[in-house]
Each structure stands twice: as C-alpha cells, then as structure tokens.
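Q: Read off the chains here:
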Amino acid sequence: MAENEKMFQVRIITPDRVFYTGEAEMIEFATSSGQIGVYKKHIPLTTVLAPGAVIIHEADGEKIAAVHAGFAEVLPEQVTLLAEIAEWAAEIDVARAEAAKKRAEERLQAKTADIDLARAEFALRKALTRIDVKEMK
Amino acid sequence: MASMRDIKRRRSSIQSTQQITKAMKLVSTVKLQKAKNRAEETNPYFDYMYQTVVSMLKRSGTIMHPFLKAGRSEKKAVVVITSNRGLAGGYNSNVVKLVTDSAWKKEELQIYAIGSKGREALERRGYSIAADYSGVIDAPGYEDASAICQAVLSAFQKEEIGEIYLAYTHFKNTVSHEPKLMKLLPVEIDAEEATAREDSGILMNYEPNDEEALDQIIPKYITSLFYGALVEAVASENGARMQAMDSATSNAEEMISDLSLKYNRARQGSITQELTEIIAGASAIS
Numbered sequence: 015m016a017e018n019e020k021m022f023q024v025r026i027i028t029p030d031r032v033f034y035t036g037e038a039e040m041i042e043f044a045t046s047s048g049q050i051g052v053y054k055k056h057i058p059l060t061t062v063l064a065p066g067a068v069i070i071h072e073a074d075g076e077k078i079a080a081v082h083a084g085f086a087e088v089l090p091e092q093v094t095l096l097a098e099i100a101e102w103a104a105e106i107d108v109a110r111a112e113a114a115k116k117r118a119e120e121r122l123q124a125k126t127a128d129i130d131l132a133r134a135e136f137a138l139r140k141a142l143t144r145i146d147v148k149e150m151k
Numbered sequence: 135m136a137s138m139r140d141i142k143r144r145r146s147s148i149q150s151t152q153q154i155t156k157a158m159k160l161v162s163t164v165k166l167q168k169a170k171n172r173a174e175e176t177n178p179y180f181d182y183m184y185q186t187v188v189s190m191l192k193r194s195g196t197i198m199h200p201f202l203k204a205g206r207s208e209k210k211a212v213v214v215i216t217s218n219r220g221l222a223g224g225y226n227s228n229v230v231k232l233v234t235d236s237a238w239k240k241e242e243l244q245i246y247a248i249g250s251k252g253r254e255a256l257e258r259r260g261y262s263i264a265a266d267y268s269g270v271i272d273a274p275g276y277e278d279a280s281a282i283c284q285a286v287l288s289a290f291q292k293e294e295i296g297e298i299y300l301a302y303t304h305f306k307n308t309v310s311h312e313p314k315l316m317k318l319l320p321v322e323i324d325a326e327e328a329t330a331r332e333d334s335g336i337l338m339n340y341e342p343n344d345e346e347a348l349d350q351i352i353p354k355y356i357t358s359l360f361y362g363a364l365v366e367a368v369a370s371e372n373g374a375r376m377q378a379m380d381s382a383t384s385n386a387e388e389m390i391s392d393l394s395l396k397y398n399r400a401r402q403g404s405i406t407q408e409l410t411e412i413i414a415g416a417s418a419i420s
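Just so you know, the sequences run in chain order Y and S. Residue 15 is where the first sequence starts when you use the working numbering, and the numbers rise one by one after that. Residue 135 is where the second sequence starts when you use the working numbering, and the numbers rise one by one after that.
By construction, these hints were calculated from the structure, which means they are not laboratory data.
One-sided and incomplete, this derived list gives chain Y residues near chain S with beta-carbon spacing under 10 Å:
#1 ARG31
#2 LEU59
#3 THR61
#4 VAL62
#5 ALA83
#6 VAL88
#7 LEU89
Given the structure is predicted, the values throughout are model-derived calculations rather than measurements. No residue lacks a Cβ here, since even glycine has one placed at the ideal position from N, Cα and C.
Please model the entire structure based on the sequences and the hints provided.
A: Here you go:
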C-alpha cells in the first residue's frame with residue numbers, strides 16, 4: 015500500500031453541487047499569489063483562488079477543471095476548494111467562450127461610460143480561463 | 135333552514151374552491167421537491183464556508199478589520215426574504231413579524247426586500263425600503279445573491295449602515311420551517327462552536343495575509359449566506375403553501391360533507407312536507 019500513503023482527500027464544492035470528491039496524489043491550482051501544487055502533508059493554508067485551471071493528479075491519470083473564484087483550505091490530509099464556479103474541461107463550450115472573450119474585449123476597448131468595467135474584465139478572465147483549460151486537455 | 139337551492143349553490147362553490155386548493159397543493163408539492171433537493175445540494179458549501187470563517191475569526195482577535203466591527207452609522211440594514219405570492223399560510227407574515235416585533239425603531243432600519251409580499255407589508259407599516267429584489271425569488275441564482283451582497287456591502291463600506299441583518303425562513307424539514315433573524319455584519323461567531331474548532335489544534339496560515347484573505351472571504355461568506363437563505367426560503371415557501379393548501383382542502387372536504395348532510399335533510403324535509411300536504415288535501419276532500 016505504498017502508493018496509498020501519498021494520497022489525500024480532495025474536495026471541490028460549489029454553491030450548486032459537490033463538484034468533486036476523491037483521492038489525489040497532487041493537486042495544482044492558481045491562487046492570487048501564483049500557481050501552487052499541493053502534496054500530502056502540506057502546512058495548513060487558506061488562500062484565495064484566482065481564475066485558472068485545477069489539475070487533480072489521481073492514481074490513474076489527471077483531471078482538469080476550470081474554477082473562477084473562491085478560496086481553498088489546505089490541511090495535511092485534505093484539500094478543500096470552495097469555488098463559486100467550477101467546470102470540467104469536457105463541459106466547456108469553446109465557441110461560447112471565444113464569443114464571450116470577443117464581446118468582453120470589445121467592451122473593454124469601447125470604454126463607454128455606461129459599461130461595467132469590472133464585470134467586463136471578469137467576463138474576459140472567465141473566457142480566457144475556459145479557453146486555456148480546454149487547450150490543456 | 136336555508137333553502138335547498140342555496141345549499142346546493144354553496145356546496146358547488148366550495149367544491150370548485152377545493153379543486154383549486156387541491157391543484158395548488160400538487161403544484162407546490164412538486165416545487166417543494168425541487169427546492170428541497172436544491173437546498174440539500176447547496177448545504178455542503180455553506181457548512182464548509184461557515185466552518186472556515188469560524189476558524190478564521192477565532193484566531194483573528196488581533197486583526198482590525200472593518201468587517202469585524204460595527205460601523206459608525208446608527209442605521210441597520212435588514213434583508214427580508216419573503217415570497218411574491220400569497221396563500222402560503224403564515225409564511226410571509228411570520229417573517230414580517232420578525233422585523234416589526236424587534237426592538238428596533240422604524241427610523242433606523244433600511245429594508246432590502248426580496249419578495250414583494252414582505253415589501254408591501256413593511257411599506258404599509260412605514261418602514262423605508264432601500265431596494266427591492268423581488269424578481270430573484272422565482273429562480274434564485276448565485277449571481278443574484280452576489281449582486282445583493284455587493285449592494286449591501288457597499289452601503290456598509292460607505293458607512294450608510296452600521297449593521298446588517300438577514301430575516302428569512304429556515305427550512306428544517308418538509309413540515310417545519312422556522313423564521314429566523316440573523317446578524318451578518320459585523321461577523322459574530324457562536325462562542326461554543328469556536329472553541330470546539332479550536333480543539334483541533336491546527337494553526338492555519340493565510341495567503342497573501344490575514345487581512346487580504348478576510349477581505350476576499352467575508353464577502354463570499356455573506357453571499358453564500360444570502361444564497362443559502364434564498365434557497366431555503368424558496369423551499370420553505372413551497373412547504374408552507376403545501377401545508378396551507380392541504381389544510382384548506384381538508385377543510386373544504388369537511389364543509390362539503392356538512393353541507394351534503396344539510397342538503398339531504400332539506401330535501402327529505404321538503405318531500406315529507408309535500409306528502410303531508412297531499413295527505414291533508416286528500417283527507418279534506420273525503
């Protein structure tokens with residue numbers, strides 16, 4: 015059971031569902047201060063998630079998902095990601111993401127007074143994350 | 135005794151009312167199932183969110199953060215979650231009562247209404263309505279909760295309001311729902327739960343640092359509470375309506391059987407009377 019000693023619990027929870035629970039050897043995700051990878055027995059850490067890919071290294075392969083906002087709690091035996099939005103690479107509709115990217119870029123270019131800059135930026139980041147994740151797969 | 139025709143009319147009117155209440159009961163039963171599943175699916179997120187915030191705050195005694203102390207403003211914001219439709223028993227009035235029976239003065243409250251029934255009731259009583267989000271109650275999404283949260287938090291940060299409360303109906307199970315008033319900001323944590331968590335003896339690190347993490351996490355915490363409350367309120371609304379309609383249907387049933395009895399009695403009475411008249415007439419001739 016040498017292999018199992020490296021495994022730890024991973025949970026990804028969104029407001030609408032328990033997105034993922036399972037055992038993993040390593041998990042990578044983006045935080046507000048950069049990309050991190052977590053193995054078992056990491057020091058306890060709570061950190062804010064940045065939009066980006068989450069890569070779960072399971073015993074038999076990897077799983078890639080996109081998360082957009084939230085935070086992570088890392089404990090030695092367990093990692094929990096509380097994400098506002100999370101989706102598997104397979105669930106992403108690239109055409110829609112491209113369209114959203116274009117729309118958001120146009121809005122940011124136009125810079126008219128009546129648009130919500132923060133919202134457009136968030137939409138752009140979401141679209142870019144989705145496209146990135148899809149390409150990684 | 136009322137005439138046969140009156141009784142008959144009354145009975146058929148009650149019968150059609152019963153049909154309506156029966157249909158409404160079926161509809162809300164289906165909706166309740168959906169809303170209940172949704173509430174159950176969202177639960178893990180809030181439990182975890184709550185635990186995380188509790189564990190953060192129990193060791194944040196030294197952190198001076200605007201979200202952790204009362205604002206200077208006397209005003210209090212109350213987010214009141216009710217329904218857009220009535221016929222749900224005491225569901226709406228119970229939530230409204232939470233606000234009207236409280237020790238607060240009318241002048242110091244700012245109502246953020248979700249659900250037009252609550253808004254109307256509080257408006258009539260002279261409370262000031264800061265905003266109305268009644269549209270979201272039909273299909274509450276996380277984005278809606280997030281928008282409401284932003285509005286309330288920005289008022290808090292501008293010091294227009296000093297405290298934030300949430301009045302909603304907690305969904306215990308299908309038959310029991312409990313109106314609840316919760317204090318959201320400044321954040322207060324149950325002392326008992328805080329110590330229970332402390333015993334686990336884990337020293338948590340925060341990135342980038344405590345304050346910034348709090349900055350990010352508290353709004354998410356409030357949003358998740360709003361969302362959880364919305365989802366639970368929808369489940370409670372349908373539960374309350376189902377119960378109300380169930381008892382209305384059985385009341386109608388009772389009235390119908392009572393009226394049927396009266397109707398039959400009146401019919402028998404009129405037959406007896408006719409017979410007596412005929413016999414009396416016949417005996418008068420002979």
